[in-house]
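Using the hints, position chain V with the ligands against chain L.
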Amino acid sequence: MNWKTTFRKLTRIPLGFYTVLQQTLRKPVTVQYPEQTRPMVPRFRGRHHLKRYDNGLERCIGCALCAAACPADAIYVEAGENTNDARFSPGERYSQTYEINMLRCIFCGYCEDACPTNAIVLEPIEFPTGYSREAMIYTKSMLLESPPINVPATPQVTEPGKFDRSIVPFPPIDQQA
Amino acid sequence: MSILLETILKAVMFVVLALAGFAYTTWIERRLISRMQSRIGPNRVGPQGLLQPVAEGLKLIFKESITPAQADKFVYMLAPMLAVIPALALFAVIPISNHSFFNLAGGVDTAVLYVLAILGTAVYGIALAGWSSNNKYATLGGLRAAAQVISYELAMSLALVAVVLMAGSASMNVIIEKQLPGNILGWFIFRQPIAAALFAITALAELARSPFDLVEAEQELTAGYMTEYGGMKFALFFMSEYVKMIALSGLFTVFFLGGWSGPFVGDSWPLGLVYFSIKVLLCLMVMVWVRATLPRFRYDKLMAFGWKRLLPIALANVVITAALIAFGVPGYK
Ligand code: SF4
Ligand code: SF4
Numbered sequence: 001m002n003w004k005t006t007f008r009k010l011t012r013i014p015l016g017f018y019t020v021l022q023q024t025l026r027k028p029v030t031v032q033y034p035e036q037t038r039p040m041v042p043r044f045r046g047r048h049h050l051k052r053y054d055n056g057l058e059r060c061i062g063c064a065l066c067a068a069a070c071p072a073d074a075i076y077v078e079a080g081e082n083t084n085d086a087r088f089s090p091g092e093r094y095s096q097t098y099e100i101n102m103l104r105c106i107f108c109g110y111c112e113d114a115c116p117t118n119a120i121v122l123e124p125i126e127f128p129t130g131y132s133r134e135a136m137i138y139t140k141s142m143l144l145e146s147p148p149i150n151v152p153a154t155p156q157v158t159e160p161g162k163f164d165r166s167i168v169p170f171p172p173i174d175q176q177a
Numbered sequence: 001m002s003i004l005l006e007t008i009l010k011a012v013m014f015v016v017l018a019l020a021g022f023a024y025t026t027w028i029e030r031r032l033i034s035r036m037q038s039r040i041g042p043n044r045v046g047p048q049g050l051l052q053p054v055a056e057g058l059k060l061i062f063k064e065s066i067t068p069a070q071a072d073k074f075v076y077m078l079a080p081m082l083a084v085i086p087a088l089a090l091f092a093v094i095p096i097s098n099h100s101f102f103n104l105a106g107g108v109d110t111a112v113l114y115v116l117a118i119l120g121t122a123v124y125g126i127a128l129a130g131w132s133s134n135n136k137y138a139t140l141g142g143l144r145a146a147a148q149v150i151s152y153e154l155a156m157s158l159a160l161v162a163v164v165l166m167a168g169s170a171s172m173n174v175i176i177e178k179q180l181p182g183n184i185l186g187w188f189i190f191r192q193p194i195a196a197a198l199f200a201i202t203a204l205a206e207l208a209r210s211p212f213d214l215v216e217a218e219q220e221l222t223a224g225y226m227t228e229y230g231g232m233k234f235a236l237f238f239m240s241e242y243v244k245m246i247a248l249s250g251l252f253t254v255f256f257l258g259g260w261s262g263p264f265v266g267d268s269w270p271l272g273l274v275y276f277s278i279k280v281l282l283c284l285m286v287m288v289w290v291r292a293t294l295p296r297f298r299y300d301k302l303m304a305f306g307w308k309r310l311l312p313i314a315l316a317n318v319v320i321t322a323a324l325i326a327f328g329v330p331g332y333k
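So the sequences go chain by chain: L and V.
For the first sequence, counting from 1, position 167 maps to 167 in my numbering; every step adds exactly one.
For the second sequence, counting from 1, position 168 maps to 168 in my numbering; every step adds exactly one.
Next up, chain L with everything else stripped away, as it sits in the complex (with noise of 0.2 Å):
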């Protein structure tokens, strides 16, 4: 290096600082989450959601194959029993418990891919922001749906027979005679 070398490059320093200067100037490119969000893609995997059948009963039946399936350890679900008097979904069980941890939730959608009824869907809305590690752990009924429209939330009473089955591959569930 030379003197004459030095002195190109020391030239090429103040248009640096311009450079910099300019971008001060301009609006951040970073957004104010969660008060605004930037638009998602329909498919974005954003929080999960526990589904509904159109009759009001709950997809999710307990069986934690989404757990066995979480890379992450995520998911806690402890099942319990449906009875006719008073049903919660088709079949024998239902998830009485359902955590899901969202500091630990790497958001890979494998918990969908598992559930034998569609019951977990992630969607691109309220991605969970939060200032304590409680407030992380997203319980059951912060997870659910609520029922359709003039539909009865469960737990339901149900004709005896009617929902002995937990999957039914067609027609759907709550379309069956």
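Simulated from the structure, these hints should not be mistaken for lab results.
You may find that some hints are simply not true.
[Said to hold, decoys possible] Facing chain L, from chain V, some residues (calculated, C-beta under 7 Å): (1) Ile33; (2) Arg35; (3) Ser38; (4) Arg39; (5) Ile40; (6) Ala292; (7) Thr293.
[Unchecked claim] Calculated cross-link-like contacts (lysine-lysine; reagent style DSSO-like; alpha-carbon spacing at most 27 Å): (8) Lys162(L) - Lys140(L); (9) Lys73(V) - Lys10(V); (10) Lys51(L) - Lys162(L); (11) Lys178(V) - Lys10(V); (12) Lys9(L) - Lys308(V); (13) Lys59(V) - Lys73(V); (14) Lys301(V) - Lys4(L); (15) Lys140(L) - Lys51(L); (16) Lys301(V) - Lys136(V); (17) Lys9(L) - Lys301(V); (18) Lys73(V) - Lys63(V); (19) Lys4(L) - Lys308(V).
[Claimed, not checked] FRET-style restraints, in silico, Cβ to Cβ: (20) Thr97(L) - Gln48(V): 23 to 29 Å; (21) Tyr110(L) - Glu218(V): 31 to 37 Å; (22) Phe62(V) - Asn84(L): 51 to 57 Å; (23) Ile184(V) - Met40(L): 33 to 39 Å; (24) Leu25(L) - Pro193(V): 25 to 31 Å.
C-beta: ideal position from N, C-alpha, C; glycine also.
Below, chain V with the ligands without anything else, positioned relative to chain L:
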């Protein structure tokens, strides 16, 4: 007795000002550098994030204070204090307004020498911290700090020699008075541009700030000399860095930007305080701007730059300044 009391009061005021300045310098730096990097920056704690420094301070107080088992305990505890005290001591000779209450010892005839001496001792804290924590990264950081400060101190001293030649005195009060002939062109930054540039560059090197932050080059040395420090001991190093930043901005203001001078300052000291603060703030912002712009030097280039470029330029500047003054060129006497 009353002089002693007054001095103590003044000293306490300077320390409090320096510490408050430290807290909000971190805030200014973080907000400003965020904007330069197209981010928003901390704005959650209090309005515009103004309480962020308080939150960070509280967090650091409640951290567990860990001493590495292999560290030299006594020196390990001593090093953060050795880093902070010189940083605060620099404020003793910076007159921040024309009222005598805001001028602790700016009038002493050796003020400039005092600044150089204190800046020299400031490196002990860093070097000892690196050595005592018994960690290879910390040791390297400490050694780099020592080498860097020694190399750049020379050029800085020579830049200040030019200022002292211009003022004819090493007292801060005289230096400011000599910059007061009515208009802005009296400032030494216009009459000694090379000395100003040299002082700015060497000040960045003394502070170990970007682009001279080899002392704590994250990619090579983790956090450099403070790798093994946590909690309040870490906070003290952080504090010493930012207090030194403010102090050197203050010194640049005094040496080259006319100190507290400005229009209508003659008989109202609050105005002097305002002018001084504005000038210091500008210097701090420029430092952040530099950090956002320039990449880090390579270590050998840093040394070569200090010894082979800055030192000859500084020497030539002293000779030329002396000649200009001796021949009585207008503006130089
Ligand atoms: S998205 Fe992945 S990590 Fe998250 S709960 Fe489902 S399986 Fe586990
Ligand atoms: S969400 Fe699906 S996989 Fe998980 S327990 Fe419920 S039914 Fe089983």
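Evaluation of the provided hints:
For Ile33(V), the interface hint is violated, the least distance from its beta-carbon to any beta-carbon of chain L being 9 Å, above 7 Å. Interface restraint check: Arg35(V) against chain L, minimum CB-CB distance 5 Å, threshold 7 Å, status holds. Restraint check, Ser38(V) versus chain L: the minimum CB separation of about 5 Å is within 7 Å; hint holds. With a least beta-carbon distance of about 5 Å to chain L, the hint placing Arg39(V) at the interface is held under the 7 Å criterion.
A distance limit of 7 Å between C-beta atoms decides the matter here; for Ile40(V) the minimum to chain L is near 5 Å, and the interface restraint holds. Proximity of Ala292(V) to chain L holds as hinted, the smallest CB-CB distance being about 5 Å (cut-off 7 Å). The beta carbon of Thr293(V) comes within 5 Å of a beta carbon in chain L, closer than 7 Å, and the hint placing it at the interface holds. With a CA separation close to 25 Å, the supplied pair Lys162(L) and Lys140(L) stays within the 27 Å bound.
The straight-line distance between the Cα atoms of Lys73(V) and Lys10(V) is roughly 34 Å, outside the 27 Å bound, and the hint therefore fails. A threshold of 27 Å between alpha carbons decides the hint, and for Lys51(L) with Lys162(L) the separation of about 20 Å falls inside it, so the pair holds. At most 27 Å may separate the alpha-carbon atoms for a hinted pair to count; Lys178(V) and Lys10(V) meet this at roughly 25 Å. With a C-alpha separation of about 16 Å, the suggested pairing of Lys9(L) with Lys308(V) holds against the 27 Å cut-off.
Our distance criterion of 27 Å between C-alpha atoms is met by Lys59(V) and Lys73(V), whose separation comes to about 24 Å. For the suggested pair Lys301(V) and Lys4(L), the alpha carbons sit about 16 Å apart, so the restraint of at most 27 Å is met. Straight-line distance between C-alpha atoms of Lys140(L) and Lys51(L) comes to about 11 Å, which keeps the hinted pair within the 27 Å bound. Between the alpha carbons of Lys301(V) and Lys136(V) the distance comes to roughly 22 Å, so the proposed pair stays at or under 27 Å and holds.
Pair hint Lys9(L) plus Lys301(V) holds up; C-alpha atoms about 14 Å apart against a cutoff of 27 Å. As the CA atoms of Lys73(V) and Lys63(V) are separated by approximately 19 Å, the hinted pair is consistent with the 27 Å bound. For the proposed pair Lys4(L) and Lys308(V), the alpha carbon gap of about 15 Å is at most 27 Å, so the pair holds. Between Thr97(L) and Gln48(V), the C-beta spacing of about 43 Å breaks the proposed range 23 to 29 Å.
In this structure the supplied range 31 to 37 Å holds for Tyr110(L) paired with Glu218(V), their Cβ-Cβ distance being about 35 Å. Remark: the range hint 51 to 57 Å for Phe62(V) to Asn84(L) is upheld by a beta-carbon distance near 56 Å. Checking the proposed 33 to 39 Å range against Ile184(V) and Met40(L) shows it is violated: the Cβ atoms sit about 54 Å from each other. Take Leu25(L) and Pro193(V): their Cβ atoms lie about 27 Å apart, and the range 25 to 31 Å holds.
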